[in-house]
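Trainee: Here is how the chains run, residue by residue.
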Amino acid sequence: MMFTSPLGLLALLAIPAIIAIHLFRRRFPPRPVAGLFLWQIARQTPEGGGKISKLPITASLILECLTALALALILAGARIRPAGISEHLVALLDDSASMSASSSAGNSQGESPRARAVRRVLAEIDRLGSNARVTLVLSGERPSVLLGPAARAIEARPALEKWKPEAPHHSFALGLRLARELAGRSGRLMALSDSPPELAGGGKATPEVEGVVWVAVGEPLNNVGITAAQRTISPQDGKGAVSLTLANFADSPAHRRLTLKAGDQELSARDIELAPGTSSVNLPLPTGLPAVRIALSEDALQRDNEVVLVEPRLQEVAIENHLPDGRGRQALSKALGVLSGVTAAAHGHLAFVPAAELDRPASPGVWRVGFGRGSSTLTAPGEPQDFIGPFVPEKRDPLMEGVTLSGVVWTGASPLAAGVHPLVSAGDRPLIVLLGPRPESGILFNLDLERTNLVRAPDWPILISNLVEMRRQSLPGPERWNYRVGEWVRVRLGRDPKGPLRFRCGEIERTLPAG
Amino acid sequence: MKPRIDWPAAQTVAGAFRLALPRAPIGGRLGERLGSGTGSSLEFQEYRPYTPGDDLRHVDWAAYARSEVLAVRLYREEVAPRIDLVFDVSRSMTVTGEKSSAYGELAALLACASASAEANARVITCPGEPHPLFRPEEIERLLDCDAKISALEESRVPFRRGSLRVVVSDFLFPHDADALVGRLSRGGAWLSIVQLTLREESEPTVEGGRRLIDVEGRGELDLLIDEKAVEDYRARFSRLRRGLSVAARRAGANFAHVVAGTPMRQVARALAAAGVLEPL
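Chains A and B, in that order, are what the protein sequence lines are. Whatever position you read off the first sequence (first residue = 1), add 343 for the numbering used here. Whatever position you read off the second sequence (first residue = 1), add 1378 for the numbering used here.
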């Protein structure tokens, strides 16, 4: 018998208490009699007081003791463990996609590591007997429990039949940690992977795998896979292209046939030779095509032989340039001109304005970037100053990504009123600030564009590009257009949805939960 | 605790019975019963030669005429028998209301029957001075059952020599039946023993766990009254009753067992059947 909460056995103390009560307490209803001597052979004297008499074994005593025993067993979480069965098997299954690899060329005769792992787990369960308890843990990107904890052995086979290892990444260390917690002190821990412990454990064989029965079910197979894929449209000439990163995991060069299909139409097919290791392939692709299926010829692992890429739709950022004619306006136009996905518009997403106009209410959906001396509400008393450094940038802000301000002479920086959020400062003088907690509130470049050398520095196009990309990232739509299996898809909505959102992928359509 | 007595009912039943006295001549004061000695009754007993001082009225002059010998006619004496009614006034006699009522009825019946016998009756409840019983109703004030011990358990019971004795008790105290009956009958002319018990005292049933408390302070006992305990009790009670019966038979006494709750008329008939009472 097992006890999940042995402290509950303290309730057994109630049994001697009950017996003591029955011994000392007058529990029988009194009955006056005329001749007590007829009821007994040896007469008892009443003067003893507190004398322990023979314990009367009554139904009440038996029931009370049984009740106390049952309560103690319930509190202790007693579980009946039949004789000879003492094992709790916790099997950690490698859930990476490589467990599905199979090849008729190897020793396994087409049997995948997954099939061997299933067979090994079932054999272990058969050895432990039908009363054994089984817990199956999957080592995905985040470990999960496939069966259990401590499920019956008969439930293991259906659960294993449903198991399809397909995770692109997995963390065996996290899986081992979860499996150890579920196994406790009495469980038998078994890890099944297609890698040996030193590889599956990230090169650390000990102590992560101590006390673990490691079953390596893999075998070396030649495999070529697509490890990364990207479909792009060149902003300059508008031509499409597909960039593939291919990995040859064999020790010798491999020959594969690479096929591109759009629907049923084969766009191209070419034979490629891949050296051991990683190599890249770039393929031109006409624009305007629907989803393209790119496949390598068959090998041990089918799952990494194929990708489907949709054509990305670049988010256009409409720009309003209201800067006065001059050196600054020209520099801004020049920087915007080299950016892709940018269009000039009267009512755009991003407006470059003189700093004095930042006081006026902004149109909805327009981010305003002001240059120059701000209005009196933004500035504090004091004369503008020039700075050659040192500059203290807020590195975590995306606007400052890649910006060094090396060799920049920052001119015309006026003292600013309190309440702004500095992104770049020189001494105690803010140079680039957010007027509110978010960029939508306005961005002020406390800068005289006519005198500074920033517009000729490499940081200028970087700043303008960062501003445009920040605005582009905030536009409604998905962050990217192609994702890995299992990757989160983040979509920004232009406004709060009025009804439930629906997800559709091919024939699959689901209603997303609210919130 | 004094038993409550329904006197009209008791007198109705007792009107048909009287105490059964022995056929053999008995002793006693002047009365209406033929005594064992010579007296002034009308029943001729024998002749004896005249001696000076004899009552000349008893000289049989006709016999003197025939034989010229003065002879005196002797007649049987008429006596009033002495009756000692012994009532157990220990607490056990009123252990329940039913037993108390039955005891009162039985005592009233015997008191009335004694009165019907034209006897010189006394009531003995304790080793002290007996109480003369002139009227049956006087028995009621004497039956104060609050004693911790029965008078029968005392070594000396103030019987009168040659008295007719009626002893009423439940006899539920440890005793040697032969010794007890011998002590009760010694020096007496006649003895009747009436044992009064409750039904549950003579034939207990299974009751489960009980704390038995002796009303006379002889102890307490937690006992599971199951089949085995009941069987043992019945065997012991049966031995006690059979011992009394056998001892009474050996001593020439009458023995009757009365179960409380029995109607008074049936009790009277049972006592008559046992020779304690006789119908008028």
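Take these hints with a grain of salt, some might be off.
[To be verified] If you anchor each label on the Cβ, the simulated ranges turn out as follows: (1) B:THR1640 to A:PRO373: 56 to 62 Å; (2) B:ARG1519 to A:ALA357: 24 to 30 Å; (3) B:ARG1617 to A:PRO373: 23 to 29 Å; (4) B:GLY1565 to A:ILE362: 23 to 29 Å; (5) A:LEU412 to B:ARG1617: 55 to 61 Å; (6) A:THR401 to B:ARG1617: 24 to 30 Å; (7) A:ALA413 to B:ASP1604: 22 to 28 Å; (8) A:PHE367 to B:LYS1526: 24 to 30 Å.
Hints listed in this document are in silico derivations from the structure and should not be mistaken for laboratory results. For glycine and all other residues, C-beta sits at the position ideal for the given N, C-alpha and C.
Trainee: Determine for every hint whether it applies to the structure shown.
Mentor: We went through each hint and held it up to the structure:
| no. | hint | in the structure |
| --- | --- | --- |
| 1 | B:THR1640 to A:PRO373: 56 to 62 Å | violated, 27 Å |
| 2 | B:ARG1519 to A:ALA357: 24 to 30 Å | violated, 57 Å |
| 3 | B:ARG1617 to A:PRO373: 23 to 29 Å | holds, 27 Å |
| 4 | B:GLY1565 to A:ILE362: 23 to 29 Å | violated, 58 Å |
| 5 | A:LEU412 to B:ARG1617: 55 to 61 Å | violated, 44 Å |
| 6 | A:THR401 to B:ARG1617: 24 to 30 Å | holds, 29 Å |
| 7 | A:ALA413 to B:ASP1604: 22 to 28 Å | holds, 26 Å |
| 8 | A:PHE367 to B:LYS1526: 24 to 30 Å | holds, 28 Å |
Figure legend: structure checked against the earlier numbered hints; hints not met, in rising order: 1, 2, 4, 5.
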